[in-house]
Amino acid sequence: MPVRWRHQRGLSLVEILVAVTLSLVLLGGLVQMFAGSKDAYRLQGNMNVLQDNGRFATNMIKYSIRMADHWGNAESIVPATTSAAPVVIGSGNCSSAWSLDINEALHGYEGGATPPAAVDCIAAGDYVTGSDMVVLRYAGSTAVSTDVVDNSDTIYVRGRVGSSGVLFKGSEVASIDSGLQLYEAANPDPVDVSNYPYRVELYFIRPCSVKLGTVCSSSDDSGQPIPTLTRYTLLPSVGGGADQLVQQALVEGVEQLQLQYGIDTDGDGFTNVYETAASLDVNGSYNWDSVVSVRMGLLVRTIEQDGAYTSPASYSLLAANDYTVPAAQRSYHRQLFTQIVQVRNRSRN
1 MPVRWRHQRG LSLVEILVAV TLSLVLLGGL VQMFAGSKDA YRLQGNMNVL
51 QDNGRFATNM IKYSIRMADH WGNAESIVPA TTSAAPVVIG SGNCSSAWSL
101 DINEALHGYE GGATPPAAVD CIAAGDYVTG SDMVVLRYAG STAVSTDVVD
151 NSDTIYVRGR VGSSGVLFKG SEVASIDSGL QLYEAANPDP VDVSNYPYRV
201 ELYFIRPCSV KLGTVCSSSD DSGQPIPTLT RYTLLPSVGG GADQLVQQAL
251 VEGVEQLQLQ YGIDTDGDGF TNVYETAASL DVNGSYNWDS VVSVRMGLLV
301 RTIEQDGAYT SPASYSLLAA NDYTVPAAQR SYHRQLFTQI VQVRNRSRN
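Heads up: the sequence shown is residues 1 to 349, going by our numbering.
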């Protein structure tokens, strides 16, 4: 009887195991590829946010420095003494008088272990150790008509080109001191008189972005506090009364701010030497009115940590100002932004 060969049907166990093994290898490669792509995408997104935040923070401070000591072309400014006199609700040394000190358009404060005593309105819990502060005062860039001013609780600067100016509460424009000759009911908006909103801005670094309480704590920002560039600034009252100073969180991820001040020692409008706030405060040869430029360094970090990365242990911000990164914070990517800014309203006079 002839032998009949039968063809194998299906796969053997060995073949199935080989196929499964190859499939798992390919699947593992795909998983690694997708995971790597996701990590790269997240890292790129974090770095984009870091760079945007650094540029935005630098530009905000730069704008205020450039505007410092701008008073709408008036030669001198005095506060109103009538019912038009401006009043600010301050805190501690950041009083109404401090807020309205138009004779000091720029003043820096050296960073230390605690907030500078001169600005005790910033609580220790709201202050990043070692970071500098700077306050800037000026008239805003956009002039408004008197009918707008008269219906506002905002504090304004009203000045005549090449002459005098006054700091006053908008809703009381008609009560400006008559001796200043800056308001006439018959002609409230002469061509040589302008109204500009008054600005006072104290820049500093706060250890959190969104506060759950009155000061920053370790539970803020979902338990991962984000250092933030913050501005202590003047806001108009609601429904009348005195204006008030409030904190505005501006840019997240700003970890350190260091400042040096360019001094014009010979009156030619150009910087001759840079000083820190501490050295400028004790220098008898020149004062804050001599500052014509500001050199700043900002250290900005990513919002999210990268477990596969370890940042440098320290960064040199300006000259001898080194910042040591806490060991627990070294999984953040960081970038240093530096800028020299001209105080235009001084160097161009």
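FYI, nobody ran anything at the bench for these hints, they're computed from the structure.
Note that this is a predicted model, so its numbers are computed, not measured.
Ideal Cβ placement from N, Cα and C applies to all residues, glycine included.
One or more hints might be untrue.
Quick list of simulated restraints, FRET-style, between CB atoms [what the hints assert, rightly or not]:
id: 1; residue 1: K62; residue 2: V87; range: 43 to 49 Å
id: 2; residue 1: L13; residue 2: Q51; range: 44 to 50 Å
id: 3; residue 1: G284; residue 2: V87; range: 31 to 37 Å
id: 4; residue 1: G241; residue 2: F56; range: 42 to 48 Å
id: 5; residue 1: Q305; residue 2: G284; range: 45 to 51 Å
id: 6; residue 1: D192; residue 2: F270; range: 42 to 48 Å
id: 7; residue 1: S178; residue 2: D147; range: 28 to 34 Å
id: 8; residue 1: S311; residue 2: S175; range: 56 to 62 Å
id: 9; residue 1: D147; residue 2: V87; range: 55 to 61 Å
id: 10; residue 1: S91; residue 2: G112; range: 42 to 48 Å
id: 11; residue 1: G284; residue 2: A113; range: 48 to 54 Å
id: 12; residue 1: I303; residue 2: V191; range: 45 to 51 Å
id: 13; residue 1: A113; residue 2: V87; range: 32 to 38 Å
id: 14; residue 1: L24; residue 2: Q305; range: 46 to 52 Å
Hints versus structure:
K62 and V87 have their C-beta atoms about 31 Å apart, which leaves the hinted 43 to 49 Å range violated. At roughly 57 Å, the beta carbons of L13 and Q51 sit outside the given window of 44 to 50 Å. The hint said 31 to 37 Å for the Cβ distance between G284 and V87, and at roughly 35 Å that hint holds. Between G241 and F56, the C-beta spacing of about 33 Å breaks the proposed range 42 to 48 Å.
At about 48 Å, the beta-carbon gap between Q305 and G284 stays in the expected band of 45 to 51 Å. Checked against the hint of 42 to 48 Å, the pair D192 and F270 fails, with Cβ atoms roughly 31 Å apart. Restraint check, S178 to D147: a C-beta distance of roughly 20 Å breaks the suggested window 28 to 34 Å. Between S311 and S175 the beta carbons are some 57 Å apart, a value that agrees with the proposed interval 56 to 62 Å.
Here the CB-CB span from D147 to V87 is close to 23 Å, at odds with the stated 55 to 61 Å. For the hinted restraint 42 to 48 Å between S91 and G112, the CB-CB distance of approximately 20 Å leaves it violated. The given range of 48 to 54 Å is broken by G284 and A113, whose C-beta atoms sit roughly 27 Å from each other. The hinted window of 45 to 51 Å between I303 and V191 holds, with their beta carbons roughly 50 Å apart.
Taking the beta carbon of each, A113 and V87 are about 34 Å apart, inside 32 to 38 Å as hinted. For the hinted restraint 46 to 52 Å between L24 and Q305, the CB-CB distance of approximately 32 Å leaves it violated.
The earlier numbered hints that this structure contradicts are 1, 2, 4, 6, 7, 9, 10, 11 and 14.
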